[in-house]
Amino acid sequence: MKDVMTQTIDFTLNGKAVSAEIQGHWTLVDLLQQGFDLYGARQSCGQGLCGCCTVVLNGKPVSGCLFLAALADGATIETIEKDEETLDPVQEAFIEAGAFQCGFCTPGFVLMTRQLIAEIPEPSEEEIRVYLTGNLCRCGTYPQIIEAVQKAAARMRAA
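One point on numbering: in the numbering used here, the residue at position 103 of the sequence shown is 185, and numbering is uninterrupted.
Do not take every clue at face value.
What the hints assert, rightly or not - Cross-link-like lysine-lysine pairs, in silico, DSS-like; alpha carbons within 25 Å at most:
#: 1; residue 1: 233; residue 2: 164
#: 2; residue 1: 142; residue 2: 98
#: 3; residue 1: 164; residue 2: 142
#: 4; residue 1: 142; residue 2: 233
#: 5; residue 1: 98; residue 2: 164
What the hints contain is simulated information worked out from the structure, not anything from laboratory work.
Please read these numbers as outputs of a predicted model, since none were measured by experiment.
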């Protein structure tokens, strides 16, 4: 059996400069899980359709199941695990609104909600629905998710 080719990449992960030895076929989800024991971005559909694997790369959300880890060399990556000590207004709003049941999709929804509010500080219900179209909740908590986004946006505007 032939050895798998590896390479070392350097990047910023949740505010810290890090390096990782990766295999050429690894995606961002593989990198985060196998290289750093971060499991917030989850492999689900494997096609970039569900949003469970969402991570923020250089300030833009990407599907971690499709994005090759090798392309993250020199990048800045933010995951749901960015700050595990305190909850931000988006996370607080998701809890208050009961915007999850099983929680599998929640990290992707939280990251996308942060991006949405950064781009549109006072989103309408329609803008929320359109922006979050790429995230699927198998439990069907969409009304609570919309409520959570509205609460988080209001809090962030007031702060």
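Original post:
Is residue 233 close enough to residue 164, meaning Cα to Cα at most 25 Å?
Top reply: Holds, at about 21 Å.
Subject >> Straight-line alpha-carbon gap residue 142 to residue 98, limit 25 Å >> reply: Holds: residue 142 and residue 98 sit about 18 Å apart, inside 25 Å.
Original post:
Keeping to a limit of 25 Å between CA atoms, is the pair of residue 142 and residue 233 held or broken?
Top reply: 23 Å, holds
Original post:
Given the proposed pairing of residue 164 with residue 142, does the C-alpha separation stay at or below 25 Å?
Top reply: Holds: residue 164 and residue 142 sit about 15 Å apart, inside 25 Å.
Original post:
Do the alpha carbons of residue 98 and residue 164 lie within 25 Å of each other, as the hint requires?
Top reply: 10 Å, holds
When the structure is compared with the earlier hints, no violation turns up for any of them.
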